[in-house]
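Going by the working numbering, the first residue of the sequence shown is number 320, and it counts up by one from there.
Any given hint could be a false lead.
[Unchecked claim] Below are the SDA-like pairs computed for lysine to any residue, each with C-alpha atoms no more than 25 Å apart in a straight line:
#1 Lys362 with Met373
#2 Lys371 with Arg385
#3 Lys376 with Val388
#4 Lys376 with Tyr399
#5 Lys375 with Arg385
#6 Lys376 with Glu360
#7 Lys383 with Tyr364
#8 Lys359 with Phe369
Think of the hints as simulated: they come from the structure by calculation, not from any bench.
If you're wondering where the values come from, they're calculated on a predicted model, not measured in any experiment.
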Amino acid sequence: MKYKSTGTRAGHKIFVRKRETNFDKSAPLKSSFGTFEDHKEMKTYAYAAFQKRMFKKRRGEQRKLRLIVITTIAIVIIIYLLTPSIIEFMFGDRHRPILFQ
Numbered sequence: 320m321k322y323k324s325t326g327t328r329a330g331h332k333i334f335v336r337k338r339e340t341n342f343d344k345s346a347p348l349k350s351s352f353g354t355f356e357d358h359k360e361m362k363t364y365a366y367a368a369f370q371k372r373m374f375k376k377r378r379g380e381q382r383k384l385r386l387i388v389i390t391t392i393a394i395v396i397i398i399y400l401l402t403p404s405i406i407e408f409m410f411g412d413r414h415r416p417i418l419f420q
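Can you make the complete structure from the sequences, with help from the hints?
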């Protein structure tokens with residue numbers, strides 16, 4: 320698998336080939352892994368509007384999460400506080416009606 324030629328589109332990073340073999344480490348392929356590339360190229364005002372939308376969306380998600388957590392905690396506390404009285408009501412002798420005497 321020896322190749323040194325450039326691809327059909329000269330200069331394009333996908334088609335430019337530099338290695339002679341698969342195991343040739345002397346000319347490593349350039350990788351964009353770990354680097355940030357801005358493909359949108361937004362204007363500053365568009366980026367500010369985008370940030371505003373994202374912050375608003377994030378605030379909404381945080382509110383929903385907070386509401387769910389608070390509701391869950393409140394329900395657990397209510398169940399914990401009512402459990403003894405419910406057990407007493409269901410199994411206590413004084414609340415059981417006398418059917419036959």
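Would you mind confirming whether the straight-line C-alpha gap from Lys359 to Phe369 stays at or under 25 Å?
Within the cut-off at roughly 12 Å; holds.
Would you mind confirming whether the straight-line C-alpha gap from Lys376 to Val388 stays at or under 25 Å?
holds, 19 Å
Given pair status - Tyr364, Lys383, alpha carbons within 25 Å
violated, 29 Å
Compare the distance between the alpha carbons of Lys375 and Arg385 with 25 Å, and conclude whether the hinted pair is satisfied.
holds, 15 Å
Quickly compare the C-alpha distance for Lys376 and Tyr399 to 25 Å and report which way the hint goes.
Violated, because 35 Å separates the two Cα atoms, which is more than 25 Å.
For the pair we were handed, Lys362 and Met373, check the Cα-Cα distance against 25 Å.
This hinted pair holds, its Cα atoms lying about 16 Å apart.
Just to be careful, I want the Cα atoms of Lys376 and Glu360 compared with a cutoff of 25 Å; is the pair within it?
Holds, at about 22 Å.
Is Lys371 within 25 Å of Arg385, Cα to Cα?
holds, 21 Å
Hints 4, 7 from the earlier list are contradicted by this structure; the remaining hints agree with it.
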